[in-house]
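Given chain A's structure and the hints, the job is docking chain B onto it.
Chains A and B, in that order, are what the protein sequence lines are. The first sequence begins at 1 in the working numbering and counts up one residue at a time. The second sequence begins at 312 in the working numbering and counts up one residue at a time.
Check before you lean on any hint, since a few could be wrong.
Distance ranges between label pairs, derived from CB positions [as the list claims (entries may be wrong)]:
(1) A:K269 <-> B:K431: 23 to 33 angstroms
(2) B:K433 <-> A:K269: 16 to 26 angstroms
(3) B:D359 <-> A:K122: 51 to 61 angstroms
(4) B:K582 <-> A:K121: 37 to 47 angstroms
Part of the chain B face toward chain A, derived, beta carbon under 10 angstroms [as the list claims (entries may be wrong)]:
(5) N406
(6) A411
(7) D416
(8) P460
(9) C466
(10) G467
(11) G470
Keeping only pairs whose Cα atoms sit at most 20 angstroms apart, straight-line, the calculated PhoX-like set for lysine-lysine is [as the list claims (entries may be wrong)]:
(12) A:K37 <-> A:K269
(13) A:K56 <-> A:K45
(14) B:K542 <-> B:K602
(15) B:K606 <-> A:K154
(16) A:K119 <-> B:K483
(17) B:K542 <-> B:K606
(18) B:K483 <-> A:K267
(19) A:K45 <-> A:K55
(20) A:K269 <-> B:K483
(21) B:K523 <-> B:K483
(22) B:K600 <-> B:K516
Treat the hints as calculated values from the structure; they're not laboratory data. For every residue, glycine included, the Cβ atom is placed at its ideal position computed from N, Cα and C.
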Amino acid sequence: MEKILVTGASGQIGTFLVKKLNQNKKKIVGLDIIKPKNNNFPFLKIDLKNKNELKKSYKELEDIEILIHLASTVNSGQDLSSNGIDSVNLNIHGTLNLLENLPNLKQISFASSYMVYGKPKKIKINETHPTDPENIYGASKLITEKILQVFSEKKKINLKILRFMGIYGIVSPYVKQAIPSFIEKMLDKKNPIIFGTGNVKRNHIYIDDAIDAIIISINNKLNNKLNNKLNNKYNIGGIDAPSNLELIKIINNEIGTKIEHKFMNSKNKEYSFITDINNANKKLGFKPRVGIKEGIQKTVNDYRKLRKNDL
Amino acid sequence: MIYNIKNKKILVTGGTGQIGSFLVEELVKKEANVFVIGRNKKNLKEIDLLIKSKKVTFLECDLINIKKIKKIKKILKEIDLLIHLSSELSEVKTNLIDNAHFSIDLNINGTINLLPHLIKLKRIVYSSSTAVYGNTEKKRANEESITNPVSFYGCGKLGAEKYLNIFCNFNKIPLTILRYSSVYGPRNRTNQVIPIFIKKALENKTIILNKKGKTIRDFIYISDIINATMKVITNNQEGIFNIGSGEKTTMYHLAKKIIKLTNSKSKIIFKESLNEINFVSNSKKAKIKLKFSTKINLDKGLLKEIDWHKKYNTIKK
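Only chain A is shown next, with the shape it has when bound in the complex (with noise of 0.2 angstroms):
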C-alpha cells in the first residue's frame, strides 16, 4: 500500500484527516511540530524549516509515495514587518526541504486557500480569477503553488492544488474562523461581534466536507495533463454562503436564544466572496453534503459536548 505522509497532522485539518484516513486503513506517517492528542500512528515531530530534522527522517520518509501538506502559518495579516519572513520560512522554504526529502513521491494534494485570489472581480469566482493576494498569508500559498507547479513538471508528479474556502467545525486553536467564534460567544451568553456591516457572504465548508475533499484528491489518480495548469486547482467551498448576519439568526436559531450582535469597524475593505467549486466537482466529483444550518448543528452540539469533556 503508498504511504502517505500528512504534513500539519495537528493542526485543524490534519487531525480530523488523520482519523478519517486511519478509519480507512491507509498506511500515514504524521508530522508536526506539535504531537497530536491520539498517538496512534507513526509521527514525526519536525519544524519544515529544519532541513537537518528532516535529513535524520531519511528512512521514515524515503518511501513516501503521496503527500497532503496542510503545515502552514495561519496569520493572514498585511503588515510584512511582523509576520512576513515566516510565511516565506515555513510555507515556500519549508516546502522545498520538504521535497528536497521525498525521493520516491508520486502525488501531492496541497492545501491551499480562496486567499490567493485577493479583491474578487466577478460575484462568483472560479479558478482562472487573477490572483492578487491581499495579505501575506494569501502571497506564500500561491507562491508554494508555483514551487510545487514547478516541481512537479519537472518531476512528473501529479499535483493537486485545493483552493479552501474558510473551514469551520470544531476546533481550531490557531485559527478563529467566524462561526466558531460567534458560536462560542453565543453559547457564554455574550454578544457577537461583527466586523464591518455584516451583508458580506462567504461559502464557508464543514470540516467533513473539506476532508472529503482532501481524500477524494488523493485517491484521483488521474494525471491531468502536464501543460494545462488550470486543471490542477480546485476551488472547495460549501454549499451555501450565508452573510455574517444570516449566521447569527441561524445560530441564535440552533441555541434557542435571541442574542443581539455588535458592530465594530473593520479596517479592511469588505466584500463578498464566493466560490465556483465546479471544476472540483466535475474533474474529482466532489461534492460537499453539509449545509449550513446542519453544519452550525453539528459544531454547536460538538462545542457542548467540548465543554461536558465529552469530546
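Coordinates of chain B only, in the frame set by chain A:
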C-alpha cells in the same frame, strides 16, 4: 505627473549589475543622491569611479542578512525612492532545490528584510521579469495574462511582486513593476544565450540548438531598458508594465546573426531535447502610457555587445 529626482535619495539594489550600473550613471546625470546596495565592495565594476569620486554611496550589504541590514538602517531611514533590481543572474546552483531556495531567498526574503527599514519611502520601482508568465503558448503575454512561471527564478520574481504589492497597499506607497524581456548588450555577464553564442562564435566552435532552433525569444537592448526605466521613474507611473521589443527572434536566427557579425566559422547543429518555451511580450501599455519604443535593433545591439566582450576580453580565446 513629473517626478523630479534631483537631490532625491534613491536606493538602487543590484546597482553593480548590468541594468543597475547603467541606471546609476543615468540617475547621477540627473543629479539624484544615489545609494547602491551590493554584496561585495570588491566587485563594483563600472560604478567604481562614481563611488571613488563620491557621486554614489556604496553600502556593502547582503539583503538576506538581517544583521547587516540593521547596520545601515540610519541611511535606509532617509531613502525617498527604492529601485529594486537585486536578483540572481540565472540558475547558479547545480541542485534543483538549492536553486529554488536561492531564488526565494534573494527575491522574497531579501525584499521583506529590506522594506520595513525604508520608513520615509515614497515610491518603489521593481524590476521583474517576463519569466513570471511562463508558457503563454502562442499568445503574446500582456500585463493581465495568467502568471504560471516554469522556473524557480520566475517563482521568486512573482513572489517579490506579490509581497511588494501587499507592502505598498498597506503603507499606501505607489508601486511600479517592470517586467523586462531578455536583456542584452554591453556589461552582459550572464551565462545566457547571447554571451554563450558570442563566445562560441569567437572561438569558431559549434553552436548547438534545441528544438531545431525554433525557440522564440524577445530580446531588448540595454539602452532601451534604461530608457523605459527612466521614463517610469521621472513620469511617476504606477502599475505593471511589460518592457520588451515585441520582436520574435528564433534561436536559429540569433545564432546565424552572431556568426555573421563575428565573421565566425562556427557551425550550427540541432539537438532534440528540452522542451523550451517560446516567449514574446506585448508592450503596448508601455508604448501608450510611457510613450516608450525601442530604438536599437538586434543587429546594432549585437554588434555593441560583441565589441564589449572583445574589448574587455570577457571571453578568453
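Confirm or reject the claim that B:K433 and A:K269 have a C-beta distance inside 16 to 26 angstroms. holds, 23 angstroms
Quickly compare the C-alpha distance for A:K56 and A:K45 to 20 angstroms and report which way the hint goes. holds, 12 angstroms
Lying within 51 to 61 angstroms: is that true of the beta-carbon distance B:D359 to A:K122? With a Cβ separation near 53 angstroms, B:D359 and A:K122 satisfy 51 to 61 angstroms, so the hint holds.
Could you grab the alpha-carbon distance between A:K269 and B:K483 and see if it respects the 20 angstroms cut-off? holds, 14 angstroms
Hint validation: B:G467 versus chain A, beta carbon distance must be below 10 angstroms. Holds or violated? holds, 8 angstroms
Going straight from one Cα to the other, do B:K542 and B:K606 come out at no more than 20 angstroms? holds, 14 angstroms
Double-check B:P460 for me: the hint is only fine if its C-beta lies closer than 10 angstroms to a C-beta in chain A. holds, 6 angstroms
Given a cut of 10 angstroms on the nearest C-beta pair, is the interface hint for B:G470 held or broken against chain A? Since chain A brings a Cβ to about 4 angstroms from B:G470, closer than 10 angstroms, the hint holds.
Holds or violated: is the Cβ of B:D416 closer than 10 angstroms to a Cβ in chain A? holds, 8 angstroms
Would the hint on B:N406 stand, with a C-beta cut-off of 10 angstroms toward chain A? Hint on B:N406: holds, closest Cβ of chain A at ~8 angstroms, below 10 angstroms.
Is 37 to 47 angstroms a correct range for the gap between the Cβ atoms of B:K582 and A:K121? holds, 44 angstroms
Pair hint A:K37 and A:K269, alpha-carbon separation not exceeding 20 angstroms: This hinted pair is violated, its Cα atoms lying about 38 angstroms apart.
The structure shown violates the earlier hints numbered 12, 15, 21, 22.
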